[in-house]
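Using the hints, position chain B against chain A.
2 protein chains.
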Amino acid sequence: MQLSEGVEWGAHCAVVLAMLPDGAALPAGRLAEYHGVPGPYLAKSLQALMRAGIVASSPGRRGGYRLARPASAISLLDVVDAIEGERAFFRCTEIRRRGPAAVAGRANSPACHIAAAMWRAEERWREELAAVNVEEIARVVAEGVPPVARAKAEAWLSEVLASRG
Amino acid sequence: MQLSEGVEWGAHCAVVLAMLPDGAALPAGRLAEYHGVPGPYLAKSLQALMRAGIVASSPGRRGGYRLARPASAISLLDVVDAIEGERAFFRCTEIRRRGPAAVAGRANSPACHIAAAMWRAEERWREELAAVNVEEIARVVAEGVPPVARAKAEAWLSEVLASRG
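Just so you know, the protein sequences line up as chains A and B, in that order.
Each residue of the first sequence is one higher than the one before, counting from 155 in the numbering used here.
Each residue of the second sequence is one higher than the one before, counting from 155 in the numbering used here.
No lab work stands behind these hints: they were computed from the structure.
Be aware that a few hints might be false.
List of simulated lysine to any residue pairs, SDA-like, C-alpha gap at most 25 Å [said to hold, decoys possible]:
(1) Lys198(A) with Gln156(B)
(2) Lys198(B) with Gly239(B)
(3) Lys306(A) with Pro254(B)
(4) Lys198(A) with Ile249(B)
(5) Lys198(B) with Gly253(A)
(6) Lys198(A) with Cys246(B)
(7) Lys198(B) with Arg252(A)
(8) Lys306(A) with Pro181(A)
(9) Lys198(B) with Gln156(A)
(10) Lys198(B) with Leu315(B)
(11) Lys306(B) with Cys246(A)
(12) Lys198(A) with Leu311(A)
(13) Lys306(A) with Val257(B)
(14) Lys198(B) with Cys246(A)
(15) Lys306(B) with Ala256(A)
(16) Lys198(B) with Ala210(B)
(17) Lys198(B) with Met155(A)
(18) Lys198(B) with Gln156(B)
(19) Lys198(A) with Gly239(A)
(20) Lys198(A) with Ala225(A)
(21) Lys198(A) with Glu248(B)
(22) Lys306(A) with Arg252(B)
(23) Lys306(B) with Glu290(B)
(24) Lys306(B) with Ala197(B)
(25) Lys198(A) with Ala242(B)
(26) Lys198(A) with Phe244(B)
(27) Lys198(A) with Arg252(B)
(28) Lys198(B) with Arg215(B)
(29) Lys198(B) with Ser229(B)
(30) Lys306(A) with Ala256(B)
(31) Lys198(B) with Thr247(A)
(32) Lys198(A) with Met155(B)
(33) Lys198(A) with Leu157(A)
(34) Lys198(A) with Gly253(B)
(35) Lys306(A) with Glu248(B)
(36) Lys306(B) with Gly190(B)
If we take Cβ atoms under 8 Å as the criterion, some of the chain A residues that face chain B in the derived model are [stated by the list, open to error]:
(37) Met155
(38) Thr247
(39) Arg274
(40) Ala275
Keep in mind it's a predicted model, so treat the numbers as computed, not measured.
Virtual Cβ for every residue (Gly too), placed ideally from N, Cα, C.
Looking at chain A on its own, in the form it has when it is part of the complex (with noise of 0.2 Å):
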């Protein structure tokens, strides 16, 4: 079971965005040349994170995507959830109710013991990626990047949206 590359290509772009300047924008294109993935599918990922609010995009020559929230309100949670959809890991097919032992639903205990616990650890995942911020991320990420990846970003961004006008 793994997490589809969307995650990762998802969480670094909301990380991006919460680092751009005021009122600016970055079309798919250009997130997808900043992190070296391949367009189209990140296109994907980022129309997945609009569905979701967690980006918005605006058309014309400035246009693109920007975080359509605070960055402080967008948790790791909600970049997982909006690319993967909030389905449970676990999916309880209640076998308990089939073959030579099968009862009436009614008569069952409320929740088979074993989903109890898949869905109690899927809980403790989703409460430890609900307590990490996008803003948290892009703090810690800009105070532990080597300054040379810093200048590279800094210059790659200033003509990008220089050449924006």
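Below, chain B alone, put in the same frame as chain A:
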């Protein structure tokens, strides 16, 4: 992202095997019958549990699957890892090292903050599943099972074990 059905089947099989009388074993076909699931698919899950040292099988008329170690020493995480493999949910492809701001690997901070948060969440999930063992599940199931289901299960098992001589 979803766990395969084999996780549910494998966990239920482990719980049933934990409830067998001493020395008894059940063949894959009987476990499939008990759970109302397709035999050939369940056989694959059982083989995965065997490779992981969770169940063992013996040949012959009274042979079949049994637990390979005490139920208290088999966690729900052991079952999940056996069926799903131990791959992390989140695969970090180090996209921060691509694109126009990329710098040589050694210049980067040890772990991307996004990956670190994803892996921390996964660790919480694993901890929770590691804390639940098959003996405990079997005990809760035995306590909570409706009397009519228990009677049906016991009748089925007696008949199966008797038919095997």
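Going down the list of hints, with the structure as the test:
For the hint linking Lys198(A) to Gln156(B), the alpha-carbon distance of about 20 Å falls within 25 Å, and the restraint holds. Annotation: proposed proximity of Lys198(B) to Gly239(B) holds, straight-line Cα distance about 14 Å (limit 25 Å). Pair hint Lys306(A) plus Pro254(B) holds up; C-alpha atoms about 7 Å apart against a cutoff of 25 Å. Note on Lys198(A) and Ile249(B): the hinted pairing holds, with a Cα-Cα distance of about 17 Å set against a maximum of 25 Å.
Restraint check: the Cα-Cα separation between Lys198(B) and Gly253(A) comes to about 19 Å, which is no more than 25 Å; the hinted pair holds. Under the criterion of a C-alpha separation no larger than 25 Å, the hint pairing Lys198(A) with Cys246(B) is consistent with the structure, at around 19 Å. At roughly 20 Å between alpha-carbon atoms, Lys198(B) and Arg252(A) fall within 25 Å of each other, so this suggested pair holds. Taking the CA atoms of Lys306(A) and Pro181(A), the gap is about 19 Å. The hint holds against a cut of 25 Å.
At roughly 20 Å between alpha-carbon atoms, Lys198(B) and Gln156(A) fall within 25 Å of each other, so this suggested pair holds. With a CA separation close to 23 Å, the supplied pair Lys198(B) and Leu315(B) stays within the 25 Å bound. Distance hint between Lys306(B) and Cys246(A) is fulfilled; the C-alpha atoms sit about 22 Å from each other, no more than 25 Å. Taking the CA atoms of Lys198(A) and Leu311(A), the gap is about 23 Å. The hint holds against a cut of 25 Å.
Distance check on the hinted pair: Lys306(A) and Val257(B) sit about 9 Å apart at the alpha-carbon level, within 25 Å; holds. Our distance criterion of 25 Å between C-alpha atoms is met by Lys198(B) and Cys246(A), whose separation comes to about 19 Å. Distance check on the hinted pair: Lys306(B) and Ala256(A) sit about 8 Å apart at the alpha-carbon level, within 25 Å; holds. For the suggested pair Lys198(B) and Ala210(B), the alpha carbons sit about 14 Å apart, so the restraint of at most 25 Å is met.
The hinted pair formed by Lys198(B) and Met155(A) meets the criterion: a straight-line CA distance of about 17 Å does not exceed 25 Å. Between Lys198(B) and Gln156(B) the alpha-carbon distance is near 18 Å, which keeps this suggested pair within the 25 Å criterion. This hinted pair checks out: Lys198(A) and Gly239(A) have alpha carbons roughly 14 Å apart, not beyond 25 Å. With a C-alpha separation of about 21 Å, the suggested pair Lys198(A) and Ala225(A) falls inside the 25 Å cut-off, and the hint holds.
Taking the CA atoms of Lys198(A) and Glu248(B), the gap is about 20 Å. The hint holds against a cut of 25 Å. For the hint pairing Lys306(A) with Arg252(B), the CA-to-CA distance comes to about 12 Å; that is within 25 Å, so the pair holds. For the suggested pair Lys306(B) and Glu290(B), the alpha carbons sit about 22 Å apart, so the restraint of at most 25 Å is met. A C-alpha spacing of about 24 Å is found between Lys306(B) and Ala197(B), which places the hinted pair at or below 25 Å, so the restraint holds.
Between the alpha carbons of Lys198(A) and Ala242(B) the distance comes to roughly 23 Å, so the proposed pair stays at or under 25 Å and holds. With a C-alpha separation of about 19 Å, the suggested pair Lys198(A) and Phe244(B) falls inside the 25 Å cut-off, and the hint holds. Restraint check for Lys198(A) and Arg252(B): satisfied, since their Cα atoms lie roughly 20 Å apart, inside the 25 Å limit. Straight-line distance between C-alpha atoms of Lys198(B) and Arg215(B) comes to about 21 Å, which keeps the hinted pair within the 25 Å bound.
Taking the CA atoms of Lys198(B) and Ser229(B), the gap is near 20 Å; set against the 25 Å cutoff, the hint holds. This hinted pair checks out: Lys306(A) and Ala256(B) have alpha carbons roughly 8 Å apart, not beyond 25 Å. With a C-alpha separation of about 18 Å, the suggested pair Lys198(B) and Thr247(A) falls inside the 25 Å cut-off, and the hint holds. A hinted pair counts as satisfied when its Cα atoms are at most 25 Å apart, and Lys198(A) with Met155(B) qualifies at roughly 17 Å.
Taking the CA atoms of Lys198(A) and Leu157(A), the gap is near 15 Å; set against the 25 Å cutoff, the hint holds. Between Lys198(A) and Gly253(B), the direct Cα distance comes to roughly 19 Å. Compliance with the 25 Å bound is thereby established for this hinted pair. About 17 Å separates the Cα atoms of Lys306(A) and Glu248(B), which keeps this hinted pair within 25 Å; it holds. A threshold of 25 Å between alpha carbons decides the hint, and for Lys306(B) with Gly190(B) the separation of about 14 Å falls inside it, so the pair holds.
With a cut of 8 Å, the hint placing Met155(A) at the interface with chain B holds, because the nearest CB-to-CB distance is about 5 Å. Interface hint status for Thr247(A): upheld, as the beta-carbon distance to the closest one in chain B is roughly 6 Å, under 8 Å. The beta carbon of Arg274(A) comes within 6 Å of a beta carbon in chain B, closer than 8 Å, and the hint placing it at the interface holds. Interface hint status for Ala275(A): upheld, as the beta-carbon distance to the closest one in chain B is roughly 4 Å, under 8 Å.
This entry satisfies every hint, going by the numbered hints stated previously.
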